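Visitor: Assemble chain B onto chain A, guided by the hints.
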Amino acid sequence: MIEAKQYDFDAIVVGSGISGGWAAKELTEKGLKVLVLERGKPLQAGSGYLGEHAPNWKFPYQGKKPRELYAEDYPVQSKVTHSFNEGTRQFWNNDKQNPYAMDEGKPFMWARADVVGGRSLIWGRQTYRFSEMDFKANEIDGHGIPWPVGYEDIAPWYSYVEKFVGINGKKEGLPQLPDSEFQKPMPWFALEETINERLKKKAPDVTLTNGRVAILTEDLPGRSACHYCGPCARGCSTGSYFSSQSSTLPAAQATGNLTLRANSVVERLEYDKESGKISRVHVIDAMTKERMSFSAKIFFLCASTVGSTQILLNSASEDFPNGLANSSGTLGHYLMDHTLGLSGAGVFLDNMDSYYHGNRPTGLYIPRFRNLDGQDEDADFVRGYGYQTATLRVDWQTGMNNKGFGASLKDSLRKPGPWIFALAGFTECLPNESNRMYLSKDKVDRYGIPQVVFDFEWGENEVNLRRDAKIQADRLLKAAGAVFSLLGNDDMSMPGEGIHEMGTARMGADPAESVLNAHNQSHDVPNLFITDGSFMTSASCVNPSLTYMAFTARACDYAAKQVAQGVL
Amino acid sequence: MNRREFLQCTAILISGVSASQLGFTLSVEQTTYLANAPDYNTTPVDYFTPAQRKIVAAMAETIIPRTDTPGAIDAGVPQYIELMVANWLNEGELAIFSAGLADIETRIPQEYGTSFDQLSAEQQLEILEALEDEASDSEWYEFGNTLREFISEAPFICQIKELTIWGFFTSEEGASQVLRYDPMPMYFNGDIPLDKNDSTWSSPL
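For the record, the sequence lines run as chains A and B.
When you line the first sequence up against this note's numbering, it's residues 207 to 774, in that order.
When you line the second sequence up against this note's numbering, it's residues 407 to 611, in that order.
Same shape as in the complex, but just chain A:
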């Protein structure tokens, strides 16, 4: 008996963040009927951004943190001090409602969003291409397995997504940091020009360039150039920064092929022995706890590195006792994050009579300059790091603890102090089998799904990289003309604090040692694709979101062709 199989959808995408938004856009534009499942709350672009443009005097406690609430309900998320506050809290996960098993001995910080749009609403918006050097690193120094994809394979996809995302930056022609398709760069502070002149003379081995950010300096259809209000993470109703809310989800919606279901917690994927494919996704409604399931031809996991791997581990079956698509045994392993933290900050007395207009939503960037042409002689580490920089003029917040009272205190607090130029090193993390996540045997969440547990420690290479980033920051701040500089300490950031979780379902050519092939497709289960950070075979030192976007678009192109050909 031959019967045409009926599916609820052509494709199901789990997650609506950076990767899920791209999967939704690409697949719907190729004519597939797509269901996007998002575990977080519904959120309308624009009208849902409740903290946007609120002045300080409207904030509860005028911006002092609600300490009890944060300690009780947001002990993890509130550690993301650069973007968690009362203007953004609505986007974040409630740690009390949705906990994971935190081992105090080996802490791992899992920063999560809990709304449609995911972390694309609250990300740092830094967008950098991986270089040929990054894709070759594992092969050359033997850490991890070789990438099955080269720079030349992904370069056209970088260009493809960049034109839609809208990235501003400056072309530099550096092999270690290929240029993107750029909109015009944001201007610099006078002090940054001064520092750049000095670095050119005294530290010619480094390049100071614009932070490359997914923020418009030129209008795109339906999105306006940045208005420089400052705190992007509260949401941007003009769509000036790229989020799936501002860009990919509306594009997917416009095709008429998108069904988006919020409050949809994916419990597991069901494997069908007969076809050798995933047949259904099982979902629990976060509000009603109602259970339901949906079928489709293909499944894209874009639920974030940890989220996607949690689903696969929880989808174990007779055929895959250690987790779905895990015949290699590598699922959950080779977890990576970038270390971050202040490497050094300098006080500058140059350009004191120069000031600024507008809040530029990025600093500058110093691309990797270590181990570029083979191994540097003085380096006790492989690979490297880049610096994100911050330039700021000291204001009343820094002078608040001065002695004194009255008109003179008021006058000194209202006026600008010296300039600060700070360097924050983001260092590469090596893929290491012992760094992993797994499912708790005894702790479950409120849906009965086993909680995630982390087992992660920085290795010697990361420690040495971080130390070097501090030593070099000292050199660079002196070369830049700092009158005084403060160096960061040797403490490592808490694993996860970089919010660049990568790995756990890495891609590779050999099915025996990787979960995914070169098309982000499971070696074991052909209708399963994973395109969030979990596919990453190595970490580079650059912010990874752009790479997720490019690989997602490429995987969608491949998957849609397979569907069209009747293979999937």
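Mixed in with the good hints there might be a few duds.
Said to hold, decoys possible - Computed list of lysine-lysine pairs in DSS-like fashion (alpha-carbon distance at most 25 Å, straight line):
no.	chain 1	residue 1	chain 2	residue 2
1	A	Lys609	B	Lys460
2	B	Lys602	A	Lys621
3	A	Lys609	B	Lys602
Hints are computed from structural coordinates only; laboratory data are not their basis.
Remember, predicted model here, so these are calculated numbers, not experimental data.
Guide: The following block gives chain B in isolation, referenced to the frame of chain A:
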């Protein structure tokens, strides 16, 4: 969208009053915008006694007085302090604050013959300076401490200074009449002239 359109949108978001004057009706959804909330320092609170309220206002005004620009009282700082003391300080911090305020309430009339708020500006300043001298070993005064959490052990004088300064520069008056406030800068220029007498921008938190 140009600057004028932006400002119109912002005006609607920021000010319920101007929106209703313009004939707009705000939806329930819109009224939950933080930008449309009442100013925090107008939240009702009834924690201090009338006498304490006068003392706290006088102390705040001594720290940040009205000059040719608004001072602490103009900026609603006394109300802000009362709100923070009533709703934000933890138990230990509250004990320090209450003891500090009680000391001013009882000791000053004994030493000066009248309550703190009735004294001359010079006498008020002298009293705060004496408190600061006594507290000068506090961690609160350490270099670079200001981006940290609120220091729970900070003595009363540091508490009231921090709440006054924070409450002042994050208020509408402090931010827009003493500092400079522009919610919609529209462009970035990293090199504009700074006059010796210019204030910093009020930065969004």
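Visitor: All hints are to be evaluated individually against the structure, with a verdict given for each.
Guide: Tested hints:
For the suggested pair A:Lys609 and B:Lys460, the alpha carbons sit about 24 Å apart, so the restraint of at most 25 Å is met. Straight-line distance between C-alpha atoms of B:Lys602 and A:Lys621 comes to about 9 Å, which keeps the hinted pair within the 25 Å bound. Using a Cα cut-off of 25 Å, the hinted pair A:Lys609 and B:Lys602 holds, with the two alpha carbons roughly 22 Å apart.
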